Amino acid sequence: MDMLLQFVANGLVSGAFYALSALGLTLIFGLMRVVNFAHGELYMLGGVMGWLATTVLGLNFFAGLALTLAVMGACGWLVDRFLIERVRDQGEEPSILLTIGLSIFLTNTALLLVGTAPLTIEGPLPNKPVFLGPVVLTELRVFAVAACAVLILAAHLVIRHTRLGRAMRATFQDPMAARLAGINTARVYASTFALGTMLAASAGMLLGSIYSTHVSAGGLVSLKAFVVVILGGMGSFAGAIVGGLILGVAEALWGGYISTGTVDIIGFIIVILTLIFKPYGLFSTQVERA
Amino acid sequence: MKFERNTLLVLGLIALAFPLLVGNQYLLHIGIMVLLYAVLATSLNLIVGYVGEFSLGHTAFLGLGAYTAALLSLRLGLPAWATIPLAGVVSALFGVVIGAITLRLRGPYFVIITLAFAEVLRLIANNWVDFTNGPMGLSGVAQPALLADASPLMAKRFYFYLALGLTAVSLYLAYRFVYSNNGRAAVTVRENRFVAQSVGIRPFVYAMRAFVLGAFLAGLAGGFYAHYITFVGANVFGFAFMVSMIIMVLIGGKGTLIGPLLGALLVTLLTEYLRELQELRLSLFGLIVMAVVLFLPNGLMGFLNHRRERGDRAAPDDSATRVQGGPA
Chain A
9 MDMLLQFVAN
19 GLVSGAFYAL
29 SALGLTLIFG
39 LMRVVNFAHG
49 ELYMLGGVMG
59 WLATTVLGLN
69 FFAGLALTLA
79 VMGACGWLVD
89 RFLIERVRDQ
99 GEEPSILLTI
109 GLSIFLTNTA
119 LLLVGTAPLT
129 IEGPLPNKPV
139 FLGPVVLTEL
149 RVFAVAACAV
159 LILAAHLVIR
169 HTRLGRAMRA
179 TFQDPMAARL
189 AGINTARVYA
199 STFALGTMLA
209 ASAGMLLGSI
219 YSTHVSAGGL
229 VSLKAFVVVI
239 LGGMGSFAGA
249 IVGGLILGVA
259 EALWGGYIST
269 GTVDIIGFII
279 VILTLIFKPY
289 GLFSTQVERA
Chain B
1165 MKFERNTLLV
1175 LGLIALAFPL
1185 LVGNQYLLHI
1195 GIMVLLYAVL
1205 ATSLNLIVGY
1215 VGEFSLGHTA
1225 FLGLGAYTAA
1235 LLSLRLGLPA
1245 WATIPLAGVV
1255 SALFGVVIGA
1265 ITLRLRGPYF
1275 VIITLAFAEV
1285 LRLIANNWVD
1295 FTNGPMGLSG
1305 VAQPALLADA
1315 SPLMAKRFYF
1325 YLALGLTAVS
1335 LYLAYRFVYS
1345 NNGRAAVTVR
1355 ENRFVAQSVG
1365 IRPFVYAMRA
1375 FVLGAFLAGL
1385 AGGFYAHYIT
1395 FVGANVFGFA
1405 FMVSMIIMVL
1415 IGGKGTLIGP
1425 LLGALLVTLL
1435 TEYLRELQEL
1445 RLSLFGLIVM
1455 AVVLFLPNGL
1465 MGFLNHRRER
1475 GDRAAPDDSA
1485 TRVQGGPA
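Protein chains in written order, with this note's numbering: chain A, 9 to 298; chain B, 1165 to 1492.
Bound conformation, chain A alone:
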């Protein structure tokens, strides 16, 4: 019984990261109809940037995080303006291929530059254990989960309560009408992509401080983010959070009770089952596919 609670707690911790990394993906899909296959690579770049900022430049964790967010936000903006914009309104396929190409390029270029060694990011807190009843966590993990929650909340506030967020939602509802109302939709798209990139990068850096990060992590992260987004429903904010937590707990339980070697399989089983039985996900309000 104690073990069960411990597994669930571990699952919720990793679930928070899944939620944060999936949020960027679902935002980009919901607003731009772009399925970003390079999402995991942006997450990975976040981890690498965080490592560069803290270890190589010697900044402290929070300054490193701010720098990472700024740089990755700019990267996201540029990717949208120079790549995605060229295939906008051409349907899904060109953007899928384009982001697959981007992901191949980013992974292998990073491998070339940084190498395969795991990169550790110095966390802001020591790895001291925290006892919550029968459950043991480390201070760093509690901090990272709190940081996840803060970032998710911040993204929510940006979308709900700022001028940019209103423009995003208007563009999401009807791009043409938004343009007629004087919204610069090209800028909104670029901002959305930048926001999604920043969310992915922050997840990469936070997780890099708990475990370690390495440049070939992107592929698996992309896949897990897709699992979460499909489970929660493409474009759904709440779905990404619930889906992330479900995936985290399911993996922790599978790893704890069945086998640790095949943990990654559970996500794919979830995807296959979701797509067969509830293809729009748990939280999607739209029915759009023919």
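Keep in mind that a hint or two might mislead.
To be verified - To give an idea of the interface, some chain A residues facing chain B are shown, with a C-beta separation under 10 Å as derived from the structure:
no. : residue
1   : V43
2   : L91
3   : R94
4   : P102
5   : L114
6   : T117
7   : L119
8   : P134
9   : N135
10  : Y219
11  : H222
12  : Y265
In short, the hints are calculated from the structure, not lab data.
Everything numeric in this text was worked out from a predicted model, so none of it was measured.
Glycine is no exception: its CB is placed at the ideal position from the N, C-alpha and C atoms.
Put chain B on the given structure of chain A with help from the hints.
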């Protein structure tokens, strides 16, 4: 149609003469890899170019074929002439099951679920140690008995002709499929699903046929791979093969029969040329994919066809009556 058929025949004749003119094992090996990739790219093209959906899980069928051939050969001692066709059949059976599930979905959902199937199979191959030997892989797959006392050069020549035979079978099947009612229906579905449905074409049925044929051909290629390399590991399900196949189909031009062949030739030669630079090569591949999507969305064959059609229109001829094999 005529143009494609004639080009294919000429290419076939050149390939037939190749091993007789070349006495170099390394060149023959490259030739064999080109042919292997030609089969794979052709099979992926059936799905990407004729179903119009993008599969990232095509390595599932390559891997299934390779493991089937390797297991049949190692556990039951079957010879290569039996294992390679059986590899195709097993892949096709899985194609029926996987297609029945995945072809209900479209766009990004299809991409992700096909990828999920390939990953599940890779994880199973890596973890089910009793059956697949796990990460150690299956080594020592038997070479055909014919080669017991042949010289290495003769063995390479034998494999070259075997691969050429497989390529010919694949292209024949693909050609017959594409220029049949099946193929025309598939092109109609690809171009406009709703128009196709309104004239009585059931998209699912035709997509399924193309998918299963693609799975069968990839399985054959997998079976050949197992016997030629004599080792099969979980990497046959991996993303590296997938990337190569995608690039070949895209560069050559999806929805044409010659395009994937051209792509297989170009990419295999480029891979060999850049062999020393493992990661840089893949970086370049990523850039190539992006460049092709942005600047050459229909691939080389699309570009050439476009040029050819423009030329035809300048010099008036019977282009209006020429049977179009679907716009590339």
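To see whether the hints hold, each was checked on the structure:
Satisfaction of the interface hint for A:V43 is found here, the shortest Cβ-Cβ separation to chain B being roughly 4 Å, below the 10 Å cut-off. At a threshold of 10 Å, the smallest CB-CB gap from A:L91 to chain B is about 7 Å, leaving the interface hint in force. For the restraint placing A:R94 at the interface with chain B, the shortest Cβ-Cβ distance is roughly 6 Å, inside the 10 Å limit, so the hint holds. Look at A:P102: its Cβ gets to within about 5 Å of chain B, closer than 10 Å, so that hint holds up.
Taking 10 Å as the C-beta contact cut-off toward chain B, the hint placing A:L114 at the interface holds, the least distance being around 7 Å. Of the supplied interface hints, the one on A:T117 holds, with its beta-carbon coming within about 5 Å of a beta-carbon of chain B, less than 10 Å. Interface hint status for A:L119: upheld, as the beta-carbon distance to the closest one in chain B is roughly 5 Å, under 10 Å. Interface restraint check for A:P134: the shortest CB-CB distance to chain B comes to about 35 Å, outside 10 Å, so the restraint is violated.
Because the smallest distance between the Cβ of A:N135 and any Cβ of chain B comes to about 30 Å, over 10 Å, the interface hint for this residue is violated. Hint status for A:Y219 relative to chain B: violated, with the closest Cβ pair at about 20 Å, above 10 Å. A distance limit of 10 Å between C-beta atoms decides the matter here; for A:H222 the minimum to chain B is near 14 Å, and the interface restraint is violated. Interface restraint check for A:Y265: the shortest CB-CB distance to chain B comes to about 16 Å, outside 10 Å, so the restraint is violated.
Of the numbered hints given earlier, the model fails hints 8, 9, 10, 11, 12; all others are met.
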